[in-house]
Amino acid sequence: AQSVTQPDIHITVSEGASLELRCNYSYGATPYLFWYVQSPGQGLQLLLKYFSGDTLVQGIKGFEAEFKRSQSSFNLRKPSVHWSDAAEYFCAVGAGGTSYGKLTFGQGTILTVHP
Amino acid sequence: DTGVSQDPRHKITKRGQNVTFRCDPISEHNRLYWYRQTLGQGPEFLTYFQNEAQLEKSRLLSDRFSAERPKGSFSTLEIQRTEQGDSAMYLCASSSGTAGDTQYFGPGTRLTVL
Chain A
24 AQSVTQPDIH
34 ITVSEGASLE
44 LRCNYSYGAT
54 PYLFWYVQSP
64 GQGLQLLLKY
74 FSGDTLVQGI
84 KGFEAEFKRS
94 QSSFNLRKPS
104 VHWSDAAEYF
114 CAVGAGGTSY
124 GKLTFGQGTI
134 LTVHP
Chain B
14 DTGVSQDPRH
24 KITKRGQNVT
34 FRCDPISEHN
44 RLYWYRQTLG
54 QGPEFLTYFQ
64 NEAQLEKSRL
74 LSDRFSAERP
84 KGSFSTLEIQ
94 RTEQGDSAMY
104 LCASSSGTAG
114 DTQYFGPGTR
124 LTVL
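Protein sequences, first through last, are from chains A and B.
Taking the numbering used here, I'd label the letters of the first sequence as residues 24 to 138.
Taking the numbering used here, I'd label the letters of the second sequence as residues 14 to 127.
Hints in this document: simulated from the structure, not taken from any laboratory.
Heads up, some of the hints might be wrong.
A partial selection of chain B residues facing chain A, derived with a Cβ cut-off under 8 Å [stated by the list, open to error]:
| no. | residue |
| --- | --- |
| 1 | 44 |
| 2 | 61 |
| 3 | 113 |
| 4 | 115 |
| 5 | 120 |
Below, a sample of chain A positions facing chain B; criterion: calculated Cβ distance under 7 Å [as the list claims (entries may be wrong)]:
| no. | residue |
| --- | --- |
| 6 | 55 |
| 7 | 66 |
| 8 | 67 |
| 9 | 69 |
| 10 | 74 |
| 11 | 113 |
| 12 | 124 |
| 13 | 125 |
| 14 | 128 |
| 15 | 129 |
| 16 | 130 |
| 17 | 131 |
The C-beta atom is built at its ideal place from N, Cα and C for all residues, glycine as well.
Assemble the whole structure, with the sequences as input and the hints as a guide.
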């Protein structure tokens, strides 16, 4: 069974500082990996995804993530955080092969941005 | 692009009542998913459809839960004899149905069972 761990429940950064949100996954084969963001009262919005090819993935809003198979990680990064980035971030893993489709999400990381 | 829509956005009900939620996916998407999200947790998979066929149900989905997608377009999720533990956000997502595709989520229906 697949699983996702986001070790940090809450992270606080200052505006303009760099950001890294951690994600570790467990899956027996090559996974599909996703980062979603959820703002209060809003639905989940996809930031980026990895399913093959280049292990450094660029997403929307200046975010990027790197897939490291040896560490079973898919950490999300942003070089300079904006106040509007304050939200909850979810990492998710999707099964491949004939079982593709359903996503398993981590617990989420709440990001607070100080001015 | 109308996106995924869900109705109602909020539902308050008394324990023991039945409730039904509706999801309208992006029109060309043939996969439709239901997830449940409780406070402080990530979404948990409930079930999904490929066109009108329900292909997988989570063990989280008790016999009181039923989902349908009769014409391969919109879907309904019904909860019978609601319990306080059913209080959660119910999320719907749709996708094109290819491996590694993106699931687009609706705004969710927040259920409160009193």
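Right, here's what the structure says about each hint:
Hint on residue 44(B) holds. Least Cβ distance to chain A is approximately 6 Å, under the 8 Å limit. Among the interface hints, the one on residue 61(B) holds; its C-beta lies about 6 Å from the nearest C-beta in chain A, closer than the 8 Å criterion. At about 3 Å, the closest approach between the beta carbon of residue 113(B) and any beta carbon in chain A falls short of 8 Å, and the interface hint on this residue holds. Taking 8 Å as the C-beta contact cut-off toward chain A, the hint placing residue 115(B) at the interface holds, the least distance being around 5 Å.
A least Cβ separation of about 5 Å between residue 120(B) and chain A falls short of the 8 Å threshold, and the interface hint therefore holds. Against a cut-off of 7 Å between C-beta atoms, the interface hint on residue 55(A) holds, since the closest Cβ of chain B lies about 5 Å away. Annotation: residue 66(A) was flagged as interfacial toward chain B, and the flag holds, the nearest CB pair being 4 Å apart, inside 7 Å. With 7 Å as the threshold, the beta carbon of residue 67(A) comes within range of chain B, its nearest partner Cβ sitting at about 4 Å, so the hint holds.
Nearest Cβ of chain B to the Cβ of residue 69(A): about 5 Å, under the 7 Å cut. The hint holds. Below 7 Å, beta-carbon pairs count as interface contacts, and residue 74(A) has one with chain B at about 3 Å; its hint therefore holds. Proximity of residue 113(A) to chain B holds as hinted, the smallest CB-CB distance being about 5 Å (cut-off 7 Å). Of the supplied interface hints, the one on residue 124(A) holds, with its beta-carbon coming within about 6 Å of a beta-carbon of chain B, less than 7 Å.
A distance limit of 7 Å between C-beta atoms decides the matter here; for residue 125(A) the minimum to chain B is near 4 Å, and the interface restraint holds. Checking residue 128(A) against chain B by beta carbon gives a least distance of about 3 Å; that is within 7 Å, so the hint holds. Interface restraint check: residue 129(A) against chain B, minimum CB-CB distance 5 Å, threshold 7 Å, status holds. Here the hint on residue 130(A) is kept, as its CB sits about 5 Å from the closest CB of chain B, short of 7 Å.
With its C-beta approaching chain B no nearer than about 5 Å, residue 131(A) sits inside the 7 Å limit, and its interface hint holds.
The structure is consistent with each of the numbered hints, conforming to all of them.
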